[in-house]
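Taken in sequence, the protein lines are chains U and H.
Everything in the first sequence is counted per this note's numbering, starting at 18 for the first residue and increasing by one.
Everything in the second sequence is counted per this note's numbering, starting at 1237 for the first residue and increasing by one.
Keep in mind that the hints were calculated from the coordinates and are not lab data.
Computed from a prediction, not measured in an experiment: that's the story for all the values here.
In this text, a Cβ means the ideal position worked out from N, Cα and C, and glycines have one as well.
Check before you lean on any hint, since a few could be wrong.
Said to hold, decoys possible - So the derived label-pair ranges between C-beta atoms look like this: (1) Gly56(U) <-> Gly1373(H): 16 to 24 Å; (2) Gly25(U) <-> Thr1354(H): 25 to 33 Å; (3) Asn1293(H) <-> Ser62(U): 24 to 32 Å; (4) Val81(U) <-> Thr1425(H): 49 to 57 Å.
Stated by the list, open to error - Distance condition first, Cα-Cα at most 30 Å in a straight line; then the derived DSS-like pairs of lysine-lysine: (5) Lys1266(H) <-> Lys48(U); (6) Lys1325(H) <-> Lys48(U); (7) Lys1266(H) <-> Lys1459(H).
What follows is the residue order along each chain.
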Amino acid sequence: MLNIKVNGQPATLPPGALVVALVATMQLEGKRYAIERNGEIVPKSAVGSTPVEDGDQYEVVIAVGGG
Amino acid sequence: MSDKAVAAKDAPLLIAGREYSSRLLVGTGKYRDFDETRLAIEASGAEIVTVAIRRVNIGQDPSQPNLLEILPPSRFTILPNTAGCYSAKEAVRTLRLARELLDGHALVKLEVLADETTLFPNMPETLTAAKELVADGFQVMVYCADDPIQAKALEDIGCVAVMPLASLIGSGMGILNPWNLEIILDRVTVPVLVDAGIGTASDATVAMELGCDGVLMNTAIAKARNPVLMASAMKKAVESGREAFLAGRMPKKIYQASASSPREGRIGS
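In isolation and in its complexed conformation, chain U is listed as follows:
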């Protein structure tokens, strides 16, 4: 398994997973979100082709109420 961190929390994905698998796990498909992988933004156009690697750190964000 790939051991990764998502928003500071430990998580696992099967070997060979792409970033889109993380999007699916978080049930964000079709919603507005943005993902950073190890400090670099993964554009939506690249989530289906970017591999997840062991030790990756992700930030997954959405828009919430704020002033």
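Given chain U, put chain H in place with the hints provided.
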């Protein structure tokens, strides 16, 4: 055309080349629920609404609506903010995520805070972040101190609007230093919007009477007893203040009473 004929005609608010008919910008935080958010924002007539960028909670109920489903970017200009950022680095990182989230949208609200108690802006970090964001193609509306020198520096960097505080964020204390705002208005050519400190409708009116191009508020509406009614009041307050500014108020005269009725023709004279 005479002044009378153009009485109700105002130029739209122009920010980064885009025209807005409403000069009231609103935040979307602190509401009881999305229903109240939507109703209040509709009542405010705002076209630009701010949002914050936050981590998705793992295990968050995915059936819950997303804020941007309630306030679709097709209808509102979404202004992502950097609330909660205390360094230029965090702020720039947050807005790059926001740009990705909003499909390349460049208009953003930069705020870099200095202190958790006052939420006062950290101006050195704000200037650093503004430079980096402008160089990266962002259109930056910037929360700043009511300091004319800093406001001018932000304009010189290329910010598309400067947004000095009227008083502390969420304090509802109103406009504590109208004189500084007047100096900023005098020196800065990009739109000047009061951001933070508005408590009630008259505060918003005063900001607009001073000549501000707009007002941004959140708590004054969201934490009113009746947020939807307050949103409606704020819409009118901003419009009234704007019209009064355009109309040009009469001069203040401490010691020169002037009756509005004719002195001549009084009975028995």
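Results of checking the hints against the structure:
1. Against the hinted window of 16 to 24 Å, the Cβ-Cβ separation of Gly56(U) and Gly1373(H) comes to about 20 Å, which satisfies the hint.
2. Range check, Gly25(U) to Thr1354(H): Cβ separation about 27 Å, and the 25 to 33 Å hint holds.
3. A beta carbon spacing of about 26 Å between Asn1293(H) and Ser62(U) agrees with the range 24 to 32 Å that was offered as a hint.
4. In this structure the supplied range 49 to 57 Å is violated for Val81(U) paired with Thr1425(H), their Cβ-Cβ distance being about 34 Å.
5. Proposed proximity of Lys1266(H) and Lys48(U) is supported: the alpha carbons are some 23 Å apart, at most 30 Å.
6. About 27 Å separates the Cα atoms of Lys1325(H) and Lys48(U), which keeps this hinted pair within 30 Å; it holds.
7. Using a Cα cut-off of 30 Å, the hinted pair Lys1266(H) and Lys1459(H) holds, with the two alpha carbons roughly 7 Å apart.
Hint 4 from the earlier list is the only one contradicted by this structure; the remaining hints agree with it.
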